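Undergrad: Given next are the chains, with one letter for each unit.
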Amino acid sequence: MLRVIVRRLLQLVVTLIALSALIFIWLRNLPGGPVEALLGERATPERRALLTKALGYDQPILVQYGKFMQRVVTGDFGNSIRSGDPVTDVISRAFPATIELALAAMIIAVGLGVPLGYLAARWRGRSLDNLTIAGTLLGISIPIFFLGYLLKDVFTQNIHWFPPSGRLTTGLDNTNVTGFFVLDGLLTREFDASADALWHLILPAITLATIPLAVIVRITRASVLDVLNEDYVRTAEAKGLRHRTIRGRHILRNALLPVVTTIGLQTGALLSGAVLTEKVYNWGGIGTLITDSISGGRDYPVLQAIILLAALVFVVVNLLVDLSYAFIDPRVRVR
Amino acid sequence: MSDPITQAGTPAPRPGDDKPRPGMSERSIGLLGDRKKARLDELARASAADRGGISLFRDAVRRLRRNPVAIVGATIVGLFVLMAIFAPLIAPHDPVQRFDELTKNLTVDTIPGASGEFPLGSDPLGRDFLSRMIYGARQTLFVGVLATLIGLALGVLIGAIAGAFGGWIDVVLMRLTDVMLALPSLLLAITLVAMASRSSQWTVIFAVAIVSVPIFARLLRGSMLAQRESDHVLAARALGVKERNIVLRHMLPNSLTAVIVQATLTFAVAILDAAALSFLGLGDPDINRAEWGLMLGVDGQRYFEVRPELAYYPALAIIVVALGFTLLGEAMREAIDPKNRR
Numbered sequence: 001m002l003r004v005i006v007r008r009l010l011q012l013v014v015t016l017i018a019l020s021a022l023i024f025i026w027l028r029n030l031p032g033g034p035v036e037a038l039l040g041e042r043a044t045p046e047r048r049a050l051l052t053k054a055l056g057y058d059q060p061i062l063v064q065y066g067k068f069m070q071r072v073v074t075g076d077f078g079n080s081i082r083s084g085d086p087v088t089d090v091i092s093r094a095f096p097a098t099i100e101l102a103l104a105a106m107i108i109a110v111g112l113g114v115p116l117g118y119l120a121a122r123w124r125g126r127s128l129d130n131l132t133i134a135g136t137l138l139g140i141s142i143p144i145f146f147l148g149y150l151l152k153d154v155f156t157q158n159i160h161w162f163p164p165s166g167r168l169t170t171g172l173d174n175t176n177v178t179g180f181f182v183l184d185g186l187l188t189r190e191f192d193a194s195a196d197a198l199w200h201l202i203l204p205a206i207t208l209a210t211i212p213l214a215v216i217v218r219i220t221r222a223s224v225l226d227v228l229n230e231d232y233v234r235t236a237e238a239k240g241l242r243h244r245t246i247r248g249r250h251i252l253r254n255a256l257l258p259v260v261t262t263i264g265l266q267t268g269a270l271l272s273g274a275v276l277t278e279k280v281y282n283w284g285g286i287g288t289l290i291t292d293s294i295s296g297g298r299d300y301p302v303l304q305a306i307i308l309l310a311a312l313v314f315v316v317v318n319l320l321v322d323l324s325y326a327f328i329d330p331r332v333r334v335r
Numbered sequence: 001m002s003d004p005i006t007q008a009g010t011p012a013p014r015p016g017d018d019k020p021r022p023g024m025s026e027r028s029i030g031l032l033g034d035r036k037k038a039r040l041d042e043l044a045r046a047s048a049a050d051r052g053g054i055s056l057f058r059d060a061v062r063r064l065r066r067n068p069v070a071i072v073g074a075t076i077v078g079l080f081v082l083m084a085i086f087a088p089l090i091a092p093h094d095p096v097q098r099f100d101e102l103t104k105n106l107t108v109d110t111i112p113g114a115s116g117e118f119p120l121g122s123d124p125l126g127r128d129f130l131s132r133m134i135y136g137a138r139q140t141l142f143v144g145v146l147a148t149l150i151g152l153a154l155g156v157l158i159g160a161i162a163g164a165f166g167g168w169i170d171v172v173l174m175r176l177t178d179v180m181l182a183l184p185s186l187l188l189a190i191t192l193v194a195m196a197s198r199s200s201q202w203t204v205i206f207a208v209a210i211v212s213v214p215i216f217a218r219l220l221r222g223s224m225l226a227q228r229e230s231d232h233v234l235a236a237r238a239l240g241v242k243e244r245n246i247v248l249r250h251m252l253p254n255s256l257t258a259v260i261v262q263a264t265l266t267f268a269v270a271i272l273d274a275a276a277l278s279f280l281g282l283g284d285p286d287i288n289r290a291e292w293g294l295m296l297g298v299d300g301q302r303y304f305e306v307r308p309e310l311a312y313y314p315a316l317a318i319i320v321v322a323l324g325f326t327l328l329g330e331a332m333r334e335a336i337d338p339k340n341r342r
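Residue numbers (the numbering used here), protein chains in the order written: chain A, 1 to 335; chain B, 1 to 342.
Hints in this document: simulated from the structure, not taken from any laboratory.
A portion of the hints provided could be inaccurate.
Said to hold, decoys possible - Okay, the calculated bits of chain B under chain A, using three or more residues with CB under 8 Å as the criterion: (1) 69–75; (2) 172–179; (3) 292–303; (4) 306–318; (5) 322–331.
All figures in this text were calculated on a predicted structure; none of them were measured in a lab.
Where is the CB? At the ideal position from N, CA and C, for every residue including glycine.
Just chain A, same shape as in the assembly:
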């Protein structure tokens, strides 16, 4: 087990180093060079020379790479071109918003997906099953930003159930503790802020949950169907065990193993979907930051930091899922 962890960790480090090397090469090969990308085309030669020296671009390429890696490891990505603030500040301001949205979406997807998938499998071939399958196929075929606009149109323009965009009603002043607005309101006992944040959260979370929900339903259904055919389920039934016991101990516990992996893999879908969802609802998280950093002249320092951060989150979550699998499933541990 320990050997597996160490090997996977090494692989992870190699992957991240390779990715950072690619980003380094990309930044070095920007049109006009990295300094022009930072200062703009009309910078004076003096300023250019100054920055070239300050950033060490006059040194040999390997030394530059070493310095780049040093900065990456210490989390120093310089300043945003757009706002001039340190990249770390810009990102840490946006990060909680995206995490809050992604968590809410995941709660919806898992909370709805696992029971639905289970019920669909139990009543295989009946109308609920067919409806569920049709729904999941539609869910993975619909462009989620279009779904976002559709939901927004129906629930904020036609019937005013939810606010159209943002994380809080303008003018409502909340105390910022963790950056997770729903949690902040609870911590500071500003329950109105908490409720308001939750109210803003619902539509974006539903939009973002669509694809993970569809995938989780399908995997759960397939997995439960597999387990239902197993001999140990038949044995349990033959022994006369209560249905509830069979369902809980035999079917669900075994069927949920592949579902756990899928949930982990959906982190990717969530990060991708967040970019689109956040644009639709003007959410102000990492997704919005990516869109802004690209559209208004590329903000390279912010972009590279986000890319590395997203990769780090994604591979670490996947590693944790793989490891957790070993803990849930004793059979994996033996090998």
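Use these hints to put chain B onto chain A, whose structure you have.
TA: Chain B in isolation, oriented as in the chain A frame:
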């Protein structure tokens, strides 16, 4: 050999129950009489497949034709392809021509709706929206097919080399796919487009294609590795067939069915990703191009309040086509699954 599952006491399969259980080793399958016959059948099929793959495909096609899901999927895909090919014959107007009778009614917040000559009304530049929708099939097919083919070609190349050579080449290539998999798909595509200094139709196609490369590569590598120890490869090797021919004529053709299935599914993802890139402002900047993702992502977004039809029609077209390819792909996957083979 330690097989924790059989040790844990899985009961022996009853006669006639030929569904292999997860974790059941190849060897325990080979010990059964019925199984052995099935293996021989499979061997015969595999050798037939080596002579052009007729029986494997015929087998799958037979099952596909009985599956309503496959028929629906294939019908959608067929109609879509026909529309793309015959767009000039079907479309009432030139998709890039601006019509005076449409442009004169254009303002900031009115876009002319349906009228006799223009059944779907105007687009924001005074062009016939119906014709653009019909020609859209062509451009969408182009983007989807090209992105899928590039992804497939690169992925198959990487996977085949890794699977055929193994050793350090395999390790290096798989770490390369790890790097591509380290970023969630849309983020990887965004990164690639952002790396290009200007976006064009080709940056979009390329970015969407690269996303599918690691999937194809891993699929093919896995299939090649699984075949390495299989009977038909061992037999070919024993007969003294050259290693190169074993890879090219025995292993690759046997992996292709899985690749074709994956390509069908990839097409749906490709047009959805292309639409997403357009939505983010990273799409094709050519204002004359009529591609559904572009129409939905740019005009559909910008004029959603003014004329939501500009979003509804391309979105509907994308959903139906993506659904068609997904249905066809899943039905194909089911058809080639050996579990369903009779």
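Undergrad: Compare the structure with each hint and give your call.
TA: Going through the hints against the structure:
1. 69–75: violated (count 0)
2. 172–179: Coverage by chain A holds for the region 172–179 of chain B (4 residues, Cβ < 8 Å).
3. 292–303: holds (count 5)
4. 306–318: holds (count 4)
5. 322–331: holds (count 4)
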